[in-house]
Structure formats: structure tokens, C-alpha cells
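J.: Each chain, written out:
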Amino acid sequence: QKEVEQDPGPLSVPEGAIVSLNCTYSNSAFQYFMWYRQYSRKGPELLMYTYSSGNKEDGRFTAQVDKSSKYISLFIRDSQPSDSATYLCAMTSSNTGNQFYFGTGTSLTVIP
Amino acid sequence: KAGVTQTPRYLIKTRGQQVTLSCSPISGHRSVSWYQQTPGQGLQFLFEYFSETQRNKGNFPGRFSGRQFSNSRSEMNVSTLELGDSALYLCASSVGRQGAQYFGPGTRLTVT
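If you read the sequences in order, they're chains F and C.
Offset between the first sequence (1-based) and our numbering: plus 429.
Offset between the second sequence (1-based) and our numbering: plus 328.
These aren't lab readings, by the way, just hints derived from the structure by calculation.
Predicted model only: the values in this text are computed from it and were never measured.
No residue lacks a Cβ here, since even glycine has one placed at the ideal position from N, Cα and C.
Some clues are possibly wrong.
If you want the footprint, here are the derived chain F segments under chain C, 3+ residues with CB under 8 Å [claimed, not checked]:
id : stretch
1  : 469-482
2  : 498-510
3  : 522-528
4  : 531-539
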């Protein structure tokens, strides 16, 4: 079993839709959770960084962590064509040697 | 602040050769991690350096090595290149070992 599971998609939505991206994980020790956006042939760009359970909002982006279910989500409101990219989740913990574990990424296309 | 920089951006090498990639982290960041990204495998962790010491190592053969200098700059070396080493090599830096990682643009290595 992989440490982090992420549906690869592809996911295609109309402009203005609410997008929900999800990851599940197996190791309950994970404490820090991140979402990255990666455009084609570029390095991943940090979108959200959260600690433990709860919600965090930044503009059109909301990150949710449910540690009891080992499930994290990223919501994108009012999606734009410029949001078309691959989204990667990542997590780490001092209890796992501080190594970062990444999902395989979900490919999102927002259609104008 | 300047972001993470990686040089060179593109590289073409022949099977059997060796290659050295360079990464300059964000100023003040002391942790540097390296990843290999391929379409089929996603992001795979190579190693992490903190304070000039390798702290974590992924499941890659000994042909892959790295080091970190006192100014936190890092290099990775791949010897005896194989066709399967063709990939995007990403460097990421963070302030501490659990802080959010910020990625560079990557070095695209093609082995022919």
C-alpha cells in the first residue's frame, strides 16, 4: 500500500465550478499537510500548508484535513482556466523522519 | 526573496556518462531535498540534506549521490547514466526539516 493515494483524474470542469481534490493516507503519524500546483514542465508551486486537523482558507482555495479519516481535501472556488494544472498533495511528520510523501497528482482542466 | 534556482535547466547526456546538477536554496533555508519526477512514477524522493548532512535517503541505487555545502547550496551526481534516468530532477528547500518545501524549476535530463 502506498503511503499517499491520490486519484490521478483527469478532472475536467467548466469555468466557475467548485473543484474538490482529495488524498488519503495510511500513516496516522503525518502532521503537516501541503498542496502544490504544477503547470506543465514547471516545478511544483506551494498553494497551502496546514498543520494537524482543520480548515485553512486562502483566497479561492480551502484546505481541509480530517486526521480521524486520514483524508485531506483542497477546494477551489470559482475555478478559472488558469487553474488548469496538476495538483499534488504532500505530507510529513517528525515521526516519519521528516521525509515528505507525495501523491501522484490530479490533472485538472478548467474549460472556459 | 529569490526562489530556488537550479542549473542547468536542460541537459542531454549519453548512456554511461555522469552528470552533476546544482541547486541554490532560498536564502535562509537550510534543508534541501531532491526528487526525480517521471510521467509514470510521479515524484520520487532521492535524498534530503540539512546542515551539510544527509538526513534521509530514498530507494535509489548508489549511482545517485549528493552533497550540501556550508552555504546550503547542494549538488547531486548521477554516475553511469542509464536511459531510465531521463527525468525532471527537482530540488526543494525549506527553512527547517518540517517546514513547507519550495521547489525550483527543475533540471530536465535526457539520456540517449
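J.: Give a verdict on every hint.
T.: To see whether the hints hold, each was checked on the structure:
{"no.": "1", "hint": "469-482", "in the structure": "holds (count 7)"}
{"no.": "2", "hint": "498-510", "in the structure": "violated (count 0)"}
{"no.": "3", "hint": "522-528", "in the structure": "holds (count 5)"}
{"no.": "4", "hint": "531-539", "in the structure": "holds (count 4)"}
The structure does not agree with numbered hint 2 stated previously, though it agrees with all others.
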